[in-house]
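Enquirer: The lines below spell out each chain.
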Amino acid sequence: MSEPDALGWSREELATRAALDVPDGAYVNVGIGIPMLIASHIPEDREVWFHTENGVLGLGGVPEADEVDLDMQNAGKEYAKIVVGAAAFDSALSFAIVRGGHLDIAVLGGMQVASMGDLANWSVPGRTPGVGGAMDLVTGSKQVWVLMEHTDRAGTPKLMRHCTLPITGTRCVTRVYTTLGVFQPAGSHFECLDLAPGVDIETVRALTDAEVTLARDSRE
Amino acid sequence: MSEPDALGWSREELATRAALDVPDGAYVNVGIGIPMLIASHIPEDREVWFHTENGVLGLGGVPEADEVDLDMQNAGKEYAKIVVGAAAFDSALSFAIVRGGHLDIAVLGGMQVASMGDLANWSVPGRTPGVGGAMDLVTGSKQVWVLMEHTDRAGTPKLMRHCTLPITGTRCVTRVYTTLGVFQPAGSHFECLDLAPGVDIETVRALTDAEVTLARDSRE
Amino acid sequence: MINKVRADALEMLSVVPDGASIAIGGFGLTGVPVMLCHALCELDRRDLHIVSNNAGIDPTGVGRLVGEGRIRKFTGSFPSNKEFFTSFHSGSVELELVPQGTLAERMRAAGAGIPAFYTPTSAGTDLATGSYPARYDGEGQVTAWLSPKDVRVFGGVACVLETALATDFAFVKSYKADRLGNLAFRLASRNFNVPAAMAGRVTFCESQSIVEVGEIDPDGVHLPGIFVQHVIESQLGKFDAPTRGASL
Amino acid sequence: MINKVRADALEMLSVVPDGASIAIGGFGLTGVPVMLCHALCELDRRDLHIVSNNAGIDPTGVGRLVGEGRIRKFTGSFPSNKEFFTSFHSGSVELELVPQGTLAERMRAAGAGIPAFYTPTSAGTDLATGSYPARYDGEGQVTAWLSPKDVRVFGGVACVLETALATDFAFVKSYKADRLGNLAFRLASRNFNVPAAMAGRVTFCESQSIVEVGEIDPDGVHLPGIFVQHVIESQLGKFDAPTRGASL
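Residue numbers (the working numbering), protein chains in the order written: chain W, 184 to 403; chain D, 184 to 403; chain G, 97 to 344; chain F, 97 to 344.
Calculated from the structure, these hints are not laboratory results. On a predicted model such as this, the values are computed, not experimentally measured, just so you know. Check each hint, because a few of them may be wrong.
In silico negatives: residues of chain D with every beta carbon more than 10 angstroms from chain F [said to hold, decoys possible]:
| hint | residue |
| --- | --- |
| 1 | Glu196 |
| 2 | Gly208 |
| 3 | Gly244 |
| 4 | Leu253 |
| 5 | Leu286 |
Straight line, CA to CA, 27 angstroms or less: simulated DSSO-like cross-link-like pairs of lysine-lysine [claimed, not checked]:
| hint | chain 1 | residue 1 | chain 2 | residue 2 |
| --- | --- | --- | --- | --- |
| 6 | G | Lys272 | F | Lys334 |
| 7 | D | Lys264 | D | Lys325 |
| 8 | F | Lys272 | W | Lys264 |
| 9 | F | Lys334 | F | Lys272 |
| 10 | F | Lys245 | F | Lys334 |
| 11 | G | Lys245 | G | Lys169 |
| 12 | W | Lys260 | F | Lys245 |
| 13 | F | Lys334 | W | Lys260 |
| 14 | D | Lys264 | G | Lys169 |
| 15 | G | Lys178 | G | Lys272 |
| 16 | F | Lys169 | W | Lys325 |
| 17 | F | Lys272 | D | Lys264 |
| 18 | F | Lys245 | W | Lys325 |
| 19 | G | Lys334 | D | Lys325 |
| 20 | F | Lys169 | W | Lys264 |
| 21 | D | Lys325 | G | Lys245 |
| 22 | F | Lys169 | F | Lys272 |
| 23 | G | Lys334 | W | Lys264 |
| 24 | G | Lys169 | D | Lys260 |
| 25 | G | Lys178 | D | Lys260 |
| 26 | W | Lys325 | W | Lys264 |
| 27 | G | Lys334 | G | Lys178 |
| 28 | F | Lys245 | G | Lys245 |
| 29 | G | Lys245 | D | Lys260 |
Where a beta carbon is used, it is the ideal one built from N, C-alpha and C, also for glycine.
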């Protein structure tokens, strides 16, 4: 299932695992990157509504070439479809939805998550500046999920005691889905709720800056 | 023209006089009472748009019995018509229009106006409580006109050195149309811009608490 | 599947307890969720904190809640209703009088995640300086005043700090609604229904009609369903008091 | 009679001086008033303060203003544009980086008479503590930082004070417009066009079509004409640079 040379879940598998935890009837905002993959993996018996920060509730999938509507893009500036029953609105109302606490889940990418729930995902010194809606999403949503590789390409941990990169928000992350497992920020440590197939807790600990405990009902 | 036993303009004449000063293309909010009479006296060659605080730009006149639309009332809670090109919106946007400085003129009734431009028109101790949109209108509109009798029924002046009733706003009134003439709050005094037919400045002064000066180009 | 459409108003509103705060849409006679107000009377709920522009201009809707003495506190801009006046001056109701634009903005703020904002409206007036009565005793004496508001100057203009006005529930009235809670309104009946729905933690919508999903054009949705938790079709006269107007 | 429809974009925009601040609608490629941006380039305006969510994602629209070096200051949330990055780091452009929701709300606030509001968004981050660069010198050194924001706690949550973002002008793009300036939009192209039109003291709208008064239903007007001063029909390709993309 996982790519031959990679430990744990592939990006697609990771999105599929997270999608399993999205309840029926949820209102969800999915960020650019791995999070957007969630939308195509929601179990078929669930009705989930996707919010796109640029002003639509009821974001659909990718259009065929002959279906492209020039007035419809997603937050990643790609042409997108809407679903039947969608609603359009301006950016002020779009962020009233985000900041007013109406979204059940915001799914974001991450550079670092600290065990207190702090998130860093917007700024790397020397890179193109841009914050977008990330700081709004983390302060407003009922749940904030981060989907990311467990380490960066150099193998440096991303689940931290404390974030070393500029933070997006404090104590905001409620769950982290990495290529190695599912984790919950628990203050002094992360609690591991699930492990990817073939991954053991010691491997996770070796690749994690913060302490990790194993929840009773986790798979291992 | 004026009612036989009344000095100066009738309410209808007063509204007609004020309507003369509403420029073509103006966006105007008219309050309950004498101000509402203005709408039917705008010179025919002018296009004036009326805003009603309950959420319509493009308020029209009074409907015939068979024209009543149960979803359309004016701020006085009377059934009303709309004009072609009208726009409907919610109360938050309606007051964004009011408070954001977009209305050219707010026309209000008044209990007292002070020469500094303070207005009292919302509260009389012991009367039914209610402020409505008055405090919003006086802080937001480019011009605030007050249309009222020159004195109360007992003959007590309403153009004051200082308001003795609770104020609606400070330094907000730009012009006052009374049954006796047209006045501009000028700080230490009112400047009289026009007098109703048959009214002289001494009569005005006798019925005014504040000092009144005569503008050079006034009619007398 | 999401289905917010309910069949029984009494069952739907049974979750609203005595003492609840409720934002109610409507202005004058337009856009008032009359059936929901009457159903709440049927359920005999009391000690309510009602947030509404008017206190009813006839004995229906909010006016019935007032007339039947079900309100402990009223927040609004223009409660020009004789029963309300009597209740206020006799000390049975507390009043938070708010300028209309501030009321709408405070309700929107609650739904938009804005805990507070500044506005010049009411600065320097009795409504800002703590000089307006909030409650009377039975003898006509003021026992509580509105709280004085924080003042800060922006661009030379004195402004008061106003806080978000969140409520436990909201009652709104729409022209069209679908099972997702998407709402559309007509003309002046939109009014406070949008800010009220934003202010309520749980929003109930009484709709003139329930339509299929997709019947409201995406660009014609005035309030997206995420702000609405329950929808019910309006039934004119349902739950009206048997001797309508008798209490006036 | 009110007629806000203009025929000549260059004549219409001639009132916009060098140094002006302009709020521009659009997000990605949707709802961007491309013709107005290009006309401003034709008029050779410079030293502009542009307020826009993006700095253009290709060399058209806001991207052309960036590419031709016409911007002295940019306020926005996601200026992910290589030319912009180069201009910022080389010290030729000042950047005010703002979270997207705060940006929309600050623009709306300007048009709504709200001088300032509190929000938890960005509290405790570099954007709130004065720890993010606003300007570099030519050597890659930071010469100015964002201003630290006032903090106040509401309900146990630290919030920052954000001020209204008013601009001299606004450029917006609509789907339909009439001579009164009433606007209607389609789907995701509404985005920042509504808050931008509210923020601008004078708002210019480029519309895909100009329709007769009354063709937009009163309940289908997304922005009433009172927020719009000038309307012009969009002409695809008008004022495009002759060698489009050459500057990339």
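Enquirer: Does the structure break any of the earlier hints, and which numbers would those be?
Expert: 2, 5, 6, 10, 12, 14, 15, 16, 19, 20, 22, 23 and 29
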